[in-house]
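*Asks:* Sequence:
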Amino acid sequence: MKIFKSILVSALLLFLLSACSNDSAKESNETEDKSTPGNEQTVKKESKEKAVNDNVKVEPLPTTYQELAELPIGKYYNMDTSGENSKEEILKAFSDLPDISGNPSEKELDYFYSELLKRMQQDYEGPENLINRLKFESLGSPENTDSRYQFKDNLNVVFIIDASGSMAQKIDGKEKMTSAKDSILNFVSKLPKDAKVGIRVYGHKGTGSDADKALSCSSSELVYPISNFNEGEFRAALNKFSPSGWTPIGLALREAKNDLSSFDGANNTNIVYLVSDGIDTCDDQPIEAAKELYSSNISPIINVIGFDVDSKGQNQLREIASATEGIYDTVTNEGELQEELEKLSNMTEQWKEWLEQGKQKIESNKIANSLEIFSYITDEGSKRTKEKIKIDLILFELHEDGRMNDKSYKYLMTKNTEYHKWIQEQIDQFEKELKALNETSYSQAIKALEDKYISNTQ
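Residue numbers (the working numbering): 626 to 1083.
Because the hints were derived from the structure by calculation, they are not lab data. All C-beta atoms, glycine included, are put in the ideal place defined by N, C-alpha and C. Do not take every clue at face value.
What the hints assert, rightly or not - Pairs of lysine-lysine, BS3-like flavour, derived with a Cα cap of 25 Å: (1) Lys700 / Lys732; (2) Lys1046 / Lys1008; (3) Lys777 / Lys815; (4) Lys743 / Lys717; (5) Lys732 / Lys821; (6) Lys700 / Lys1057; (7) Lys1035 / Lys717.
Said to hold, decoys possible - Label pairs and their computed distance ranges (CB to CB): (8) Glu695 / Thr957: 17 to 27 Å; (9) Glu964 / Lys682: 35 to 45 Å; (10) Asp724 / Asp908: 33 to 43 Å; (11) Gln1069 / Asn864: 23 to 33 Å; (12) Thr688 / Glu1025: 28 to 38 Å; (13) Glu695 / Glu856: 18 to 28 Å; (14) Gly727 / Glu964: 45 to 55 Å; (15) Val681 / Asp1004: 26 to 36 Å.
Let's have the full structure, built from the sequences with the hints guiding it.
*Replies:* Quick look at the structure:
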């Protein structure tokens, strides 16, 4: 079994396992044909299986990459399926999947695969998110017709930081809250002197207990008013809060709208970063709050960072970013958080140059010079490979445990291979389209992508 599992872990040798299973499936089918009794009990069992089959509703697999990216991230998308205790964890986590230990129909097997896939669904990123990334990369370009992405006389960056109790958890021996504070301090210390920064925290009062929920869900504070960076005052502001209670994201977004009310979008480039390590736990309608902030005369660019967040939290945070045409990114440690903020540092430097050059036109960037395209294609391909191998390993363990026969195992493995072959074809096609835009400006590329992927979905 360890030999077979090692084979599965190696993507290069996955096909060897399929070949082995073909022979075992043949032997198993021969054995079943000889031993299956044709008694009354068997007839009743077959009738029951047929009834289940008739009632099964199989949700269709996605037919476009947009549909794929819109699927919720699976509960076990990040499960370690090749670790020391992975077999026990797999058998426990998927014990409630539909029973296919008998002789299921293809429809029942399709339903089983659909249910398994839901739990392993990766965080695929659709073309719309890439368009938003390109818009952010082109911030300040004179070709950009969206005033939200044009440089104004004033640049304001506001951080909305999760101070709920879960931010006390440690990554690599360091508290998540400490990592967030250090990363943001490192960023603001490099801001141009004319730029302004603000920090609002939420969930920093009370505890995570039910008794303190009302207090914590009403806690949000602007600890550093929107102003130029002063190191002493900024450090003092960061020391005012620590991980504590619940997660009132909606409240924080509504309060941020008040914070920025005097910085209208006509004269200010406003950028808001929401940093959270989990889902809103206060039922204060964060999606609606984000839309209200986005559609106000503040005209902010709203980007969202999920810091070591689970699948449920990612789904909600992605929805906030999508509702405001912003970027969503997941980071798992301090290094990745700093990398994400480095992109923002580049934007502030461009704004500084724009001011110093007497607001002359900035030369338009070319997609050929952007790592966003290469990174996007690489990341999507990695998600596709990871998802396929994880499902292969899960099917292997379930088969070894006797939860499906050889014929069912072969069918599901083939279905998994074909489905992920389709995903790769979609990624390859999108890469060709992006390469075709290599020599165009950002604005031309964005328009071409919007014409194809946005207008067709409205």
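*Asks:* Given a hinted range of 23 to 33 Å, is it respected by the beta-carbon distance of glutamine 1069 and asparagine 864?
*Replies:* violated (47 Å)
*Asks:* Are glutamate 695 and glutamate 856 spaced within 18 to 28 Å by their CB atoms?
*Replies:* violated (43 Å)
*Asks:* Are threonine 688 and glutamate 1025 spaced within 28 to 38 Å by their CB atoms?
*Replies:* holds (33 Å)
*Asks:* If I claimed the Cβ atoms of aspartate 724 and aspartate 908 lie 33 to 43 Å apart, would that claim hold in this structure?
*Replies:* Because 36 Å falls inside the window, the suggested range holds.
*Asks:* Between glycine 727 and glutamate 964, does the beta-carbon spacing fit 45 to 55 Å?
*Replies:* With Cβ atoms ~51 Å apart, the hint holds.
*Asks:* Kindly confirm whether 17 to 27 Å is satisfied by the beta carbon distance between glutamate 695 and threonine 957.
*Replies:* The hinted range 17 to 27 Å holds for glutamate 695 and threonine 957, with Cβ atoms some 23 Å apart.
*Asks:* Hint check: lysine 700 vs lysine 732, CA-CA at most 25 Å. Holds or violated?
*Replies:* holds (24 Å)
*Asks:* Does the structure keep lysine 777 and lysine 815 at a Cα separation of 25 Å or less?
*Replies:* holds (19 Å)
*Asks:* Taken at face value, is the distance from the CA of lysine 1008 to the CA of lysine 1046 at most 25 Å?
*Replies:* holds (13 Å)
*Asks:* Hint check: lysine 1035 vs lysine 717, CA-CA at most 25 Å. Holds or violated?
*Replies:* Holds, because 22 Å separates the two Cα atoms, which is no more than 25 Å.
*Asks:* Between the alpha carbons of lysine 743 and lysine 717, is the straight-line distance 25 Å or under?
*Replies:* holds (17 Å)
*Asks:* Is lysine 700 close enough to lysine 1057, meaning Cα to Cα at most 25 Å?
*Replies:* violated (32 Å)
Of the numbered hints stated above, those contradicted by the structure are hints 5, 6, 11, 13, listed in ascending order.
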